[in-house]
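> When you get a sec, could you build the whole thing from the sequences and use the hints?
Under UniProt numbering, the residues of the sequence shown are numbered 1 to 243, in order.
All clues given are correct.
Below, simulated EDC-like cross-link-like pairs (lysine to aspartate or glutamate); rule was C-alpha separation at most 16 Å, straight line:
#1 Lys219 - Asp236
#2 Lys216 - Asp236
#3 Lys37 - Asp25
#4 Lys216 - Asp238
Across the chosen pairs, the derived CB separations fall in these ranges:
#5 Ala176 - Leu24: 53 to 59 Å
#6 Asp141 - Asp238: 14 to 20 Å
#7 Lys171 - Gly43: 54 to 60 Å
It is worth saying that the hints were derived from the structure and are not from the lab.
Idealized CB from N, CA, C, for every residue including glycine.
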Amino acid sequence: MVACGPGVERVAEEAARRWPDARLDVMTSDTITSPAKARMLIGRIEAGETDIIIGTQIITKGYHFPMLTLVGVVDADLGLRGGDLRAGERCWQQLMQVAGRAGRADRPGIVYLQSYDPSHPVTEALISGNRDGFLDQDIADRRAAGMPPFGRLAALILSGPDLDALNGAAKAVARAAPMAPGIAVFGPAPAPLARLRGQHRQRLLLQTRRDQPIQKILKQWLATVRLPSSVRLRVDVDPYSFL
1 MVACGPGVER VAEEAARRWP DARLDVMTSD TITSPAKARM LIGRIEAGET DIIIGTQIIT
61 KGYHFPMLTL VGVVDADLGL RGGDLRAGER CWQQLMQVAG RAGRADRPGI VYLQSYDPSH
121 PVTEALISGN RDGFLDQDIA DRRAAGMPPF GRLAALILSG PDLDALNGAA KAVARAAPMA
181 PGIAVFGPAP APLARLRGQH RQRLLLQTRR DQPIQKILKQ WLATVRLPSS VRLRVDVDPY
241 SFL
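In structure tokens:
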């Protein structure tokens, strides 16, 4: 089973059903397949020939729609799920970008966010406009938890075609994990992308203090583990992506 969101097509179908007389355009990487198509779509929007624009993240990429007065974001806090350390920061930036599409000319703009966690610090900061307060709290939380930049992380991603063999290998890696002050190992658990290109994926996270030799710790740890030939291990020190 995989997560299933509303999907652009389903949103477009619902919008067409509710507002049958509205002129609707869909803006995704599937509909903007060339510079010519992009210019044609943007031209219609700028000329006021579109009433409703439905799009993916591509719509946040610096477009200027002077007549756009209302923006709605479906599953606005979807980016906060998955255990990504930078999820809050990224979600904030993206939602601020898309919110900035509304009210760019002399007309006021309104933004609606669909949220499953309205009390989340990111959501509250967006509503209040208190960016500095959100960033200060995020830094304080990282410091208290020993997370980067106040600590270091390494992601260990194991992948393989056979789920049972993969789970066994991941547990073996976890059993051999180092135990020492200032070191913590989390997992194994299914990676946020639990299946990729036909391969099942498990993840462990190694957390250390900033002053500890994380490369040496990893080398000594993994030297004690023998993995089956069907399982591959990838190590990402100071990961930028947590997928």
